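So the sequences go chain by chain: P and C.
Under this note's numbering, the first sequence is numbered contiguously, ending at residue 407.
Under this note's numbering, the second sequence is numbered contiguously, ending at residue 685.
No wet-lab data here; the hints were simulated from the structure.
Be aware that one or more of the hints could be misleading.
[Said to hold, decoys possible] As a list, the in silico DSSO-like pairs of lysine-lysine whose alpha-carbon atoms are at most 30 angstroms apart: (1) P:Lys145 with P:Lys255; (2) P:Lys88 with P:Lys255; (3) C:Lys576 with P:Lys394; (4) C:Lys473 with C:Lys529; (5) P:Lys145 with P:Lys175; (6) P:Lys198 with P:Lys259; (7) P:Lys7 with C:Lys670; (8) C:Lys529 with P:Lys394; (9) C:Lys529 with P:Lys17; (10) P:Lys394 with C:Lys473; (11) C:Lys590 with P:Lys7; (12) C:Lys473 with P:Lys17; (13) P:Lys7 with C:Lys471; (14) P:Lys132 with P:Lys175; (15) P:Lys236 with P:Lys259; (16) C:Lys529 with P:Lys397; (17) P:Lys397 with C:Lys576.
None of these values were measured; they are calculated from a predicted model.
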Amino acid sequence: MVVENLKMAIAALVANKMRSFLTMLGIIIGIGSVIAIVAIGDTVRRIVSSIYENFGATQSIIYPNFQDDSGYRLSDDFTKDDIETLKKVFGNQLAYIDTNGSASGDVKTRMGINKVTLTGADYNFIDFQSFKITSGRFFSQSDIKQQRYVAVIEDTAALKMFGTENATGRTFRQKLNGALREFLVIGIYHLDISPVQKLFMGNNQSVSAYIPSSFFYGNDESTAFSLRIFADKSFKGEKLARFNNDFIEYLAKMKNRKKEDYYIVDVGAQMSQVDQFLGGVSVAMGGIAAISLLVGGIGIMNIMLVSVTERTREIGTRKALGATTGDILTQFLIESAVISAIGGTIGIIIASAGMSIVGALLKQSVVIKPVAVLLAVGFSAVVGIFFGIYPAQKAAKRDPIECLRYE
Amino acid sequence: MINNAKKGREKESDAVDFTSQYNTGGADISLTDKKSYNKSAGKFEHKLITARNIYKEFTLGEVKVKALNDVSFDVYEGELIVILGPSGSGKSTLLNILGGIETVSSGYITYMDIDISSMNEKELTDFRRSNIGFIFQFYNLMPNLTALENVELAAEMSPDPLDPDELLKQVDLWERREHYPGKMSGGQQQRVAIARAICKNPDLLLCDEPTGALDIATGVQILKLLVDFNKKYNKTIMIITHNENVAKIADRVFYIKDGMIRKIVENENPADPDEVVW
């Protein structure tokens, strides 16, 4: 009987092609917009988290809390000994630590004047970053220890400063700690970011270069105002938060200060906050899009009511032949479910194809989660059945005699 | 419904000896001589339907209309009965009640000794499904299904169906099995409808003006199919018509007017459909 019902449902849809299509359109738009919006949300989340991951997701920045009344003292800054102690105490959990120094200034080359941001980095800094060395090398341990005047610059910086990406062996001069120094370019790196990611990161006029972190121990070259640390790469969520908390507690005790006297900027925590926020926005947008699905569902109900009236004699005949109330009910339910399922499938195809095309144009891979697709299909079937129930019941409950008399 | 059946039974006890006389509600009618009927009815010895004191009232707004007014009769297995009467005489109502798509106001009907007048909707559906074949004046085929699919739809419902392919061949429409009703003539559609009704393998075939919308030649064709089915499978057929000529093919004719059976006439020698002209 189910096969016959399916046959009749499809036959009825084929018989009224235009009407069936227009009814489906509501569902197509509904499902399509839900999928598109959820995909946009998920893609934005991935872009944002990938930006954070470029910085290193387990990264934290620590500095004395000078905004408080606690009164910032010079001794609150960090010494080389502090860093060594922290390394010893936290061992492998503390994967990386440096002085988090940076300096920016104008650099004059034959290509003109560029604003260059010098960032301090230890030899293993590269292990926590997503950039790749395209030529030359990153710092060695001795580069750091002996404070060699070497730099690893971004390929875009090389292009601006030297007119070529192949700039290893070239030199540039920049002021550092009050004196003009000449840096030898020993490596070029490339950070792979899509145009959309760039949009999210904002427009930065300066070009980037790394120099050994050992340069950034303040004016007296012995203390640093700030620390950059990376926890073990495997740390996430609560484990990361606990590590950061332990770290700052120990640090404060070591410096004879309270925990509140130090500030920690935790990339992981920030990332999960932003991610949560974006997730919420994405769900809310999906919900708004789902309203159009509701409208589509009402469209189905409307057309099914028309269909039931149109086929009054058919219903009467089937009942006279011996069709049960359940048979008639399933016939119309299958019909509305089929409209909705086909509409949902087309919606998914259009949304996925559309998103992929837009993604390809923006050179940004798009996230379409199978879960979202499955949910959408399930939801469209539920919509079809839910909005089909009333017309189907109306049909099923009709008196065969009334139906057969109907003109 | 159960109450109605009870009421019917009470009436039965009031009624004058049923076995010797048809109770026709006291109307002035000439009854067929029971003896002579039995003589010719040797082939019709098993009673299929017993209807006693059937009343059916409709309420149209304020007015009560008596569609059937104390109707009683018997139908035997294998009979071909024509119910003849003008429009509005209650013949369709009678047929619908026998087919289980309408209920009685009072009185009772048994079908193979089962009381169908006290059945609920679900039981009636089951009853229709396994016992009754309907043929309508305007064919009532499913417009979105092909000829074959229409027949198969009915076959699906029956517990003991005949082969739909075979039946379409019998009504000479095998070549057009993939055609939709809209692309067929009235006669062809009615033949599909007959195949559909017969395919359920019903014991009782109820036909509401089956030739009403057809020309003579086509009508005769349809009647032939019905008579064939009646003879070949020994199935009971009841045909409603207002056309007296059609009545010639019947074993018995029920004359019905104003909701009452006025007379029941037996045809000793039912005519061949080919002899029927109108």
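For each hint, the structure was consulted:
This hinted pair checks out: Lys145 of chain P and Lys255 of chain P have alpha carbons roughly 25 angstroms apart, not beyond 30 angstroms. This hinted pair checks out: Lys88 of chain P and Lys255 of chain P have alpha carbons roughly 16 angstroms apart, not beyond 30 angstroms. The suggested pairing of Lys576 of chain C with Lys394 of chain P is violated, with an alpha-carbon distance near 37 angstroms, which exceeds 30 angstroms. Taking the CA atoms of Lys473 of chain C and Lys529 of chain C, the gap is near 26 angstroms; set against the 30 angstroms cutoff, the hint holds.
Straight-line distance between C-alpha atoms of Lys145 of chain P and Lys175 of chain P comes to about 20 angstroms, which keeps the hinted pair within the 30 angstroms bound. A threshold of 30 angstroms between alpha carbons decides the hint, and for Lys198 of chain P with Lys259 of chain P the separation of about 36 angstroms lies outside it, so the pair is violated. For the given pair, Lys7 of chain P sits about 47 angstroms from Lys670 of chain C by alpha-carbon distance, which is inconsistent with the 30 angstroms threshold. Distance check on the hinted pair: Lys529 of chain C and Lys394 of chain P sit about 17 angstroms apart at the alpha-carbon level, within 30 angstroms; holds.
With a C-alpha separation of about 35 angstroms, the suggested pair Lys529 of chain C and Lys17 of chain P falls outside the 30 angstroms cut-off, and the hint is violated. For the given pair, Lys394 of chain P sits about 29 angstroms from Lys473 of chain C by alpha-carbon distance, which is consistent with the 30 angstroms threshold. Note on Lys590 of chain C and Lys7 of chain P: the hinted pairing holds, with a Cα-Cα distance of about 19 angstroms set against a maximum of 30 angstroms. Simply put, Lys473 of chain C and Lys17 of chain P have alpha-carbon atoms about 46 angstroms apart, too far for the 30 angstroms limit, and the pair is violated.
Proposed proximity of Lys7 of chain P and Lys471 of chain C is contradicted: the alpha carbons are some 43 angstroms apart, above 30 angstroms. Of the pairs offered as hints, the one joining Lys132 of chain P and Lys175 of chain P holds, with about 27 angstroms between alpha carbons and a cut-off of 30 angstroms not exceeded. A hinted pair counts as satisfied when its Cα atoms are at most 30 angstroms apart, and Lys236 of chain P with Lys259 of chain P qualifies at roughly 22 angstroms. Restraint check for Lys529 of chain C and Lys397 of chain P: satisfied, since their Cα atoms lie roughly 12 angstroms apart, inside the 30 angstroms limit.
Simply put, Lys397 of chain P and Lys576 of chain C have alpha-carbon atoms about 36 angstroms apart, too far for the 30 angstroms limit, and the pair is violated.
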